[in-house]
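**Q** What follows is the residue order along each chain.
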Amino acid sequence: MKPAIQRRLFLLGALLVAGGALGVIAWGGIGDNLVYFWTPAQVAANADKAVGATIRLGGVVQAGTVHWEQDQQLLTFTVGESTVDTKTPLQVEAKSAPPQMFREGIGVVVEGTMRTDGVFSADKVMVKHSNEYRAPTGEADVKKLYATVEDL
Amino acid sequence: MTHRSYIVGAVLLAIGFATMAVGHFIGLFVAPREAMMGDVGRILYVHVPTAWGALLLYSGAFIAAIGSMWTGRRGWDAATTAMVEAGTVMTFLLLVQGSLWARPTWGTYWTWDPRLTTSAVLAAAFGVVLLLRRLIDQPARRAMATSVATIVAFVDVPIVYFSVKWWNSLHQPVSNLGSVDSPMMQPLLIAAIAIMFIGAGLSILRFRIELARLVAEEAAPDLPDMPDPLHLEGSDKPVQAEGSPS
Numbered sequence: 148m149k150p151a152i153q154r155r156l157f158l159l160g161a162l163l164v165a166g167g168a169l170g171v172i173a174w175g176g177i178g179d180n181l182v183y184f185w186t187p188a189q190v191a192a193n194a195d196k197a198v199g200a201t202i203r204l205g206g207v208v209q210a211g212t213v214h215w216e217q218d219q220q221l222l223t224f225t226v227g228e229s230t231v232d233t234k235t236p237l238q239v240e241a242k243s244a245p246p247q248m249f250r251e252g253i254g255v256v257v258e259g260t261m262r263t264d265g266v267f268s269a270d271k272v273m274v275k276h277s278n279e280y281r282a283p284t285g286e287a288d289v290k291k292l293y294a295t296v297e298d299l
Numbered sequence: 242m243t244h245r246s247y248i249v250g251a252v253l254l255a256i257g258f259a260t261m262a263v264g265h266f267i268g269l270f271v272a273p274r275e276a277m278m279g280d281v282g283r284i285l286y287v288h289v290p291t292a293w294g295a296l297l298l299y300s301g302a303f304i305a306a307i308g309s310m311w312t313g314r315r316g317w318d319a320a321t322t323a324m325v326e327a328g329t330v331m332t333f334l335l336l337v338q339g340s341l342w343a344r345p346t347w348g349t350y351w352t353w354d355p356r357l358t359t360s361a362v363l364a365a366a367f368g369v370v371l372l373l374r375r376l377i378d379q380p381a382r383r384a385m386a387t388s389v390a391t392i393v394a395f396v397d398v399p400i401v402y403f404s405v406k407w408w409n410s411l412h413q414p415v416s417n418l419g420s421v422d423s424p425m426m427q428p429l430l431i432a433a434i435a436i437m438f439i440g441a442g443l444s445i446l447r448f449r450i451e452l453a454r455l456v457a458e459e460a461a462p463d464l465p466d467m468p469d470p471l472h473l474e475g476s477d478k479p480v481q482a483e484g485s486p487s
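These protein sequence lines are chains A and B, in that order. FYI, our numbering numbers position 121 of the first sequence as 268, with every residue one higher than the one before it. FYI, our numbering numbers position 225 of the second sequence as 466, with every residue one higher than the one before it.
Bound-form chain B, shown alone (with noise of 0.2 Å):
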């Protein structure tokens, strides 16, 4: 019953890491040299995409969430989870490739733009999602609870998306078909496809994993089905490998 899912999501990523090799094949090899920013301006292939990556995935969680709330049926609680947790992945890599570039082009790995603090905030608000759902144990005060902190979250969206338009900023404004040359956007639109199937394929496999739990749960709702580092209570006897000396 759950093995065409695995398959699908396992399929879904071997197709976006191919897919991933052949745009950053082109986009090291192939394309040319940024007029400006020499070879550094590669690493444009894989932050953007990741973004777009990030801000769909949250995007897909927000509307998870809508339906949760809205029907009360744990797929969607699951589906949820899958892509918050995808997101933040995503999030947490884009700060860092970010920083990466950021320091020999602006010359700094860190300042308090308004795109890079409103995406530390995005990584913030969603990890807080994680967390807050895991610290609740009923399962239907945790999908509520999981469901509205995402919806609240999601409001830092747009604001990512529209920080370099509102606001005074560092950080380069929004790209798109005209500012970027046709023998970089190959490779930006192929890197971008495979994130796309990346997200899917990590998202698909997750909600899986965790609807599998969810339904363990329903069905031996006092067994733990894995150990849990937050709850601390019943976990006072120091755990002993069997057959270990006392």
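Chain A with its partners taken away, still in its complex shape (with noise of 0.2 Å):
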């Protein structure tokens, strides 16, 4: 065989292998074993999984629920589906202190796992920012700040 035609058999090959697995991992589902955290809806439908499991936990914290106590290191409080979360609002304990940006109506990552009470443990509270940067403004609209977080 000439060697541009080999070449160009093989130029072939490895674009139907790239474009073959790129085509696999955008809508093959594999995207759907790919979890990087779950949230607490779906920790609730699979309650029995996530005791024990080290698992993470995705979320907004709900308004007036966040309790920190100094002397013990412990900070307390609840993670919903979006920023008013009546379903299932779920009660998350860490022994950290909470990372700066830590705060009411912000998106939040646990790592930890479900406590046989119905209380998710976490090693490591995570916050997460929007893609939204703001001036900040005379007040700040937090609701907006976290739209993205609304979203998941």
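In short, the hints are calculated from the structure, not lab data. Hints may be right or wrong, so weigh each one.
Unchecked claim - The list that follows gives simulated cross-link-like pairs (lysine-lysine, DSSO-like), each with its CA atoms no further than 27 Å apart:
| no. | chain 1 | residue 1 | chain 2 | residue 2 |
| --- | --- | --- | --- | --- |
| 1 | B | Lys406 | A | Lys271 |
| 2 | A | Lys242 | A | Lys196 |
| 3 | A | Lys234 | A | Lys271 |
| 4 | A | Lys196 | A | Lys149 |
| 5 | A | Lys234 | A | Lys196 |
| 6 | A | Lys234 | B | Lys406 |
From the two separate chains plus the hints, produce the assembled complex.
**A** Dropping the structure here:
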């Protein structure tokens, strides 16, 4: 075979492999098995699997639920699907100081496990920032800032 | 013959760094603090352009790799290598910047978030392309291996881009015109233009060096043009400086 034809056949092969791999990842449902975090509703639906296994829970910190006990280094709050979640809010207990941006109404991802008493025990609390970058205004519109988070 | 492209590359780099200085001056001193993150948010102006630069360079490398396999010409091979290298430098910078930004905002340097994981895979995959290239001596085989590996590694580029849409992610979604306030958009765009110039300048310089190397290699295939730590044969004698006592 002429080298040029061989090269172009290899090119075709490489493009097919690359395109096929991308297609499988994009549309083949592999993505459904790659889960970075579960939402409170997903944890509620899989309560038996969540107990004891190390998982990540992602959601929005519910207003008026944050308590920080300095002397015990104990942070407790409730995480919901959206800013106001009445269906499946989940109680979280973390033994770590909250990150600087942590506040009510913000998106968080916590790592830990479900306890049998239905409280999520977290080793690590991470704060999610949206893709919105805003200059500060007189009254900060927190809800708008976290519009992206609410779309979970 | 080669001088002009060295000058073009150097000029592009100079324009790039000058533009970057202007962009970051505005970003650091003129643009307002970000409402939630404060001054930390200013790393946006370097992180987002770096990401765009890396993904564009890899896209250029992908096209050059197709050109290399279609034509078999060494110019395309040199261009592929140049853009893979420049892109990999930017990807490593991207990972460092992101990690420095993540600590004060998210509360961790690293997490296996889809965007972060796929970006790490990107650096590793194109690192393998460069390694593979160093391991093959025969020019036609090397060009073929470089191109095939580049095309396969490129699969990760759209995955990195769409990772924040396809999967639950801690990373913020793709920034766009609506999601960044206009006084912050200006330094971001200036810095992005700067990165394009720097990426182009680096690629042209690296392309010219690689092409010169390939030409020299063809002229004298048995003479290694540079000491190669990966090729140990013939190097069992300790290297001695001239005139040093033995």
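**Q** Given the hinted pair lysine 242 of chain A and lysine 196 of chain A, is their Cα-Cα distance within 27 Å?
**A** Given that 27 Å is the threshold and the Cα spacing comes to 23 Å, the pair holds.
**Q** Does the structure keep lysine 406 of chain B and lysine 271 of chain A at a Cα separation of 27 Å or less?
**A** 24 Å, holds
**Q** Just to be careful, I want the Cα atoms of lysine 196 of chain A and lysine 149 of chain A compared with a cutoff of 27 Å; is the pair within it?
**A** With Cα atoms ~58 Å apart, lysine 196 of chain A and lysine 149 of chain A exceed 27 Å; violated.
**Q** Next pair to validate is lysine 234 of chain A with lysine 406 of chain B; report whether the Cα-Cα distance is within 27 Å.
**A** 25 Å, holds
**Q** Hint check: lysine 234 of chain A vs lysine 271 of chain A, CA-CA at most 27 Å. Holds or violated?
**A** OK: lysine 234 of chain A and lysine 271 of chain A at ~25 Å, within 27 Å.
**Q** Assess, step by step, whether the Cα of lysine 234 of chain A is no farther than 27 Å from the Cα of lysine 196 of chain A, and give holds or violated.
**A** 20 Å, holds
The structure is inconsistent with hint 4 alone, although it conforms to all the rest.
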